[in-house]
Structure formats: structure tokens, C-alpha cells
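Trainee: Between the sequences and the hints, there should be enough to build the whole structure, so can you do that?
The listed protein sequences correspond, in order, to chains A and B. Numbered according to numbering that gives the first Met the number 0, the first sequence terminates at residue 340, and the numbering increases by one at each position without gaps. Numbered according to numbering that gives the first Met the number 0, the second sequence terminates at residue 319, and the numbering increases by one at each position without gaps.
Hint data in this document are derived by calculation from the structure and do not stem from the laboratory. Bear in mind that the values here come from a model prediction, so they are computed numbers and not experimental data. Every residue gets a Cβ at the ideal spot worked out from N, C-alpha and C, and that includes glycine. A couple of the hints might just be wrong.
Here are some, though not all, of the chain A residues that point toward chain B, as calculated from beta-carbon distances under 10 Å [stated by the list, open to error]: (1) Asn90; (2) Phe164; (3) Phe246.
The following residues of chain A were derived to be distant from chain B, with all beta-carbon distances above 12 Å [stated by the list, open to error]: (4) Ala115; (5) Phe119; (6) Ala277.
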Amino acid sequence: MDTTELIRAYQTMRTIRLFEETVVTLVNANEIPGVTHEYIGQEAVATGMCAALGPDDVLTSTHRGHGHIIGRGADPGRMFAELMARVDGLNHGRGGSMHAADVSLGIYGANGIVGAGAPFAAGAAWASGAPGAAGEPTTDRRVRRVSVAFFGDGAINQGVLLETFNLAAAWELPMVFCCENNGYAVTTPAAASAKVTPSERATGFGLAVREVDGMDVEAVYEAAQWAVDHARSGRGPVFLDCRCYRFVGHNTGEHMLGLQYRTHDEIELWRGRDPITAVADRLRGHGLADADLARLDDEVQQHIDAAVTFARASASPEPATAMDYMYATPTLTTATRWGHR
Amino acid sequence: MTVMRYQKALATAVRDEMAADPSVCYLGEDVVHSLRGVSSGLAAAHPGRVKDTPISEAAFTGFATGAAMAGMRPIVEYQIPTLLYVAFDQIVNQAQKIRLMTGGQTRVPVTYLFPGSGARLGLAGQHSDHPYTLLAHMGVKTLVPATPQDAYSLVRSAIRDDDPVAVFLPANCLPRKGDVDVAVTVPIGPAAIRREGTDVTVVAIGHLVHEALAVADDLADQVDVEVIDARAAHPFDWHTLTRSVTRTGRLVVLDDTNRTCGWAAEVAATAAEELFHHLRAPVRRVARADVPMPFAPVLERAVVPDREAITAAILETAKA
Ligand SMILES: Cc1ncc(C[n+]2csc(CCOP(=O)(O)OP(=O)(O)O)c2C)c(N)n1
Ligand SMILES: [Mg+2]
Chain A
0 MDTTELIRAY QTMRTIRLFE ETVVTLVNAN EIPGVTHEYI GQEAVATGMC AALGPDDVLT
60 STHRGHGHII GRGADPGRMF AELMARVDGL NHGRGGSMHA ADVSLGIYGA NGIVGAGAPF
120 AAGAAWASGA PGAAGEPTTD RRVRRVSVAF FGDGAINQGV LLETFNLAAA WELPMVFCCE
180 NNGYAVTTPA AASAKVTPSE RATGFGLAVR EVDGMDVEAV YEAAQWAVDH ARSGRGPVFL
240 DCRCYRFVGH NTGEHMLGLQ YRTHDEIELW RGRDPITAVA DRLRGHGLAD ADLARLDDEV
300 QQHIDAAVTF ARASASPEPA TAMDYMYATP TLTTATRWGH R
Chain B
0 MTVMRYQKAL ATAVRDEMAA DPSVCYLGED VVHSLRGVSS GLAAAHPGRV KDTPISEAAF
60 TGFATGAAMA GMRPIVEYQI PTLLYVAFDQ IVNQAQKIRL MTGGQTRVPV TYLFPGSGAR
120 LGLAGQHSDH PYTLLAHMGV KTLVPATPQD AYSLVRSAIR DDDPVAVFLP ANCLPRKGDV
180 DVAVTVPIGP AAIRREGTDV TVVAIGHLVH EALAVADDLA DQVDVEVIDA RAAHPFDWHT
240 LTRSVTRTGR LVVLDDTNRT CGWAAEVAAT AAEELFHHLR APVRRVARAD VPMPFAPVLE
300 RAVVPDREAI TAAILETAKA
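Mentor: What follows is the structure, given as C-alpha cells:
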């Protein structure tokens, strides 16, 4: 990455981190209802991956989706508003953390069901190159759109995801499987659930595989560029095994449970490899002074503060609109069900 | 207007929509060679738009969702209707909910076809269900065409609809012959009154419409039966039912799915809530026994709604 790209990556990662720290505060203050899963520690993965995508590309996200959505460029104000269940939220308060989406940016949604979004990415990848698909039919094997499916190491044991690996490989779809291998599915270590590593498994499906240091945004970016180019040029789907770590609990409330599945030493070891500190150090190597970094941090802080202010000012949806958006083509009888209220 | 078998009308609807709209595509197991007879000739006519899928119902159902969000209008064929259970999350928890969950940011115009739904003597426990109730319960637009004309026109409406639509094509309807006018449009929603009558309203869906009509003819000199073909398990046309029951004061509901929490239970309960003062007799249901389909044909006949049970229900309701 050149200095400009690295600065942009730093800003994105800082934005995700501060967004998530603010989410924790807002959850604890009961300003955000429901359950949220923080992305803290994994910022390099979404940032590096999204930096390699073009404007028409599509991604599917997970229950731990805030990083993907902000990394792809969604507005943090509308994202906070969504988490706070307001009408100006990305989904007008109908989705929340686990379903947040911005289809205009190709974000086909976070997903509350582990592994379930990956086949959407496969379908969208196919649609971009299929004859008769929306948009220009392709004349050569270069395709307009590449899809990225994000998922965790735990998802790798879900049938629908494994089916999608196979289908994507068999049909040579232009897509990237981005595995955020943070070592745990809630409390269960990856090794307790699978005999082989995610990369070994992906290799068996016929996917092109790379293992990536998911704590290093430049390494992720470099692998992501290779993967997206591989897919876009018609050489088939790619699997990136991004080794990373979440610094906090599985979700915001986990610390209340006092679970002991990770040692203090292990957490501290990974925190010592904080991907944002690493980028800051590299930027110093590119000639930035501490004051420059402090200024970047201030800008991010102001951006997040303004986003929270925007979200707080937004109204709650009217109860009478609870059934809005259910159907794209409402019929007389779907709309006038007797006595639903 | 031509006379066509139901199965042919279904295939013609798909063929005509594929020809009319280049974003329509067809996915399923063994569809290139048209094992189920719905996609004959499609792969040759539209190379690239007809895909034989791996035996991965969850993945290809989700694949259709993503393709639909990206602008396609996929049709998904399930080789066996009970494969719905394998794909259930991808239909009811994903495709059906995405529009609401995204606050209307996207549409999911997918058509799920379940050809040969229901019991067919001897297919036993895992191949005999007729699971439209499950999707209606989840708010999925769920059609069960009874006639060749509806197989043609409702399937075309389903493909053109911007929401997920499931179409169950009863095994007992596939060989039926009837007039089909390809110029006729049948919208999703309205029920059809197949026989007018004044004494008892029978509401049926799928092949039971024909059973109801046969029984109504048999009973013609005793009871004047009105037969309503619901056409859709959801949305259900309450207005047509209300108009009919307001006149007859008597209602029998026919439903070839399990009795407990079945589609007929919903129709009967709502009629009891809303039409109580018009009813002159208790609402009756004729439904399947709550049992996995036993293999022996004699046992199968014993647990699905048949003319004998329908006749008894109509006569009891007429007398009550
Ligand atoms: C199909 C399914 N099973 C179980 C759950 C409950 N659940 C939510 S997140 C999670 C762990 C997922 O682990 P992983 O894929 O590694 O993602 P991570 O949380 O580590 O980011 C589980 C079991 C679910 N949401 N979906
Ligand atoms: Mg994990």
C-alpha cells in the first residue's frame, strides 16, 4: 500500500474500532436493543478485503457484520440509527445489527444465521456473468461483478456453506470466500470442531486457497487483490483463510457470564498484535508524525460523534407501520388480513 | 383455447416466461434433461439459463435469492416436495424475510416449484407430504393450482411477482386435462367459485377441489353445495369466503395436510371468529390424519381426505 492507501486503511480501521467501542457504550446504556457482536481486533480483514473491491461488487456479511458494512463505505450515522432502531437507519429500523444491509453498496446484509448468506453471494456472482442477467452480458470470461462471502471459522461446519463451496467451484463462479478465522465459535475452539484447517478443507473442494495474516491490513489487501483478480478474470473462486482474533467477547453481553474459554495470556498476546497499532507504526515509517496520527484520530472521533448525534435525532418507526415492507407486490388479501390487530 | 394436460400447461407457462423475459432462469436437480417434465426443451432454447444443480437444496435455494437480488428472476424446482424441509431456512428465514429486514431495499422474485406434491399411492413416509401449510404459516405467497388453466396462468403470475412465491402442483392434478387459454391472466389472491350453491360452502385447495366438485354432483338432489377453489393457501381470499358463508351459513374446509395446526384450522378459526353470527352449523374440517404416511396403499387411503369423508362432512354440516 502506498501512503495514501495506508492512511485510508488507518482511517477505516479506526472508524470501525471507534464505532464498535461506541456500540458497547450504547448497548450498556440501553440505547441499542438486542444483541450485537463486536468486530474489535478483526478490523484489518474487512478493511483490506473491501479496499480490493470495485463499485459493482457484492458482499454478504455475518452476525459480526459492522466491520464489513463500514469497511465497504456505509454511512456510520445510518448504521448507528439502524442499531438504535430508528427510521433513518439503513434498514429503517427493520433489521438491526444482525440484518443491517446497504444494497446500494452491494452489501446483501449481515445475517443472523451462521453461513446462510454465502449462497446469496454465489447467486449474485453468477447473475453478473449469466446471459440474460441484469446489466451487460459478458462477451469474454472477465465478469462485471465479483462477490465476497464473509464468514467465520465456525461457519465452516455449516452444510449450506460447504454446499456453496462446492457449487462455486463446480460452476467456476467469480467469488471470494473470506474466512475470518478468529479461532473460536463462541466458546468452542476451531480445533475441537474440525479435524482439518479451513484451508485444507477448502483445497479439497477445488477452491484456490491462500492463508493470510488477518492482523496485517497490507497482507490482507495484497491477498484480496490477488483473489478478486483471480475471480474477476474467470479463473474461479478463491478461499482466503484470514487468521485473526477478536479482542472482546463473542457479543456485548458475554463478559457478564464470566466464561473462561480463553486465557488472559492468549488474549494479551493477540492484543499485542493490534492491527491498528501496526498500521500506525507503518505510517510513522512513511514519515507521518504523532501529531498527524492524532489529527486523523480526531477526525474519526468527530465523524463518529456526528454519526451518533444523527442517529439519536432520528425518530422511532410508527407502530402502525410494523407490516410495511413485507411484500414488494402486496395483494388485496395480503394487505387486509382480518383482525391482525 | 386448447385442451392441455395440467403438466403440459405448467411446462408451457415456464417456457413462455423464459421466452418473454431474459432474466428468468431455471435451477434444480436433473432439469436439463427434465426429469420432472417441467423444463423440457428449455436448456436447448436458453443455454446458460437452465442449470442442473448439485444435490444441495439449501445452497441452490440461497443461490436463487442472491441471483434475484442481483436482478434475475429465478425459478427453482425441487425434485421432491419434501425437499422443502432441507431448504427451509433459506426460504422462510432468508428469502421471505429479506425485504422486510432490509426495510424494502431489495426484492426477491424467486418462484419455488414443487411438482408432484402430495400422496401418490406407495411413495410412503418421506415422499408423500403436501407441505403448503408450512409456507403459508410463514407468510410466503403459496399457490396450489387445481386446473390446467390455473397451472398455466398462476405460474406465470408467480414468475412475474416481485416476492418469493411457492407453487405446489399436486400429484393428483398433473394428469388432468382441461381448457387452457394462454391469454388469460390469473392474479395471485382471488379465489374461484367453481360451483355455485346455496346450502353449504366447501372451500378446497389443489386436487381436493375436484373431489369436492364430484361429491357436490353426487349430492346434488340432497344438498346444494358451493365449491370455492382457494387457489392460494396464502394470501387467502377472505372476501370471497365471507360472501359465500354469509349466504350459506355452513362451511366445510378440505385440506390435504396434517389436521393439527393445518391450513384448514386457520380458515375454520378465522371463520369462527369473524362469521359466527352467520354460521348455522359448526365449521367442519376434512384433513389428513396426523401421521407419517404409512406405505401400504390401503393405509394411505385410510389417512388422506377422500370422497367418503367429504360426503359425510357435507351431509353432517347440512343437517346440523
Ligand atoms: C446456524 C446457526 N447456528 C448457531 C447459531 C448461534 N451462533 C451465532 S454466532 C455463533 C458462532 C459463530 O462462529 P464463527 O463462525 O467462527 O464466527 P465468529 O463469531 O467467531 O465471528 C453461533 C454458534 C447461529 N446464529 N446460526
Ligand atoms: Mg470464529
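Trainee: With reference to the structure, classify each hint as holding or not holding.
Mentor: Evaluated hints:
1. Using the Cβ-Cβ criterion of 10 Å, the hint placing Asn90(A) at the interface with chain B is satisfied: the shortest such distance is roughly 4 Å.
2. Hint on Phe164(A) holds. Least Cβ distance to chain B is approximately 9 Å, under the 10 Å limit.
3. Given the 10 Å rule on beta carbons, the hint for Phe246(A) is violated: about 29 Å separates it from the nearest Cβ of chain B.
4. Some Cβ of chain B comes within 12 Å of the Cβ of Ala115(A); the nearest lies about 6 Å off, and the non-interface call is violated.
5. At the 12 Å boundary, the C-beta of Phe119(A) falls inside the reach of chain B, the nearest C-beta of that chain being 3 Å off.
6. The claim that Ala277(A) lies off the interface holds: its Cβ sits roughly 34 Å from the closest Cβ of chain B, which is beyond the 12 Å cut-off.
The structure shown violates the earlier hints numbered 3, 4 and 5.
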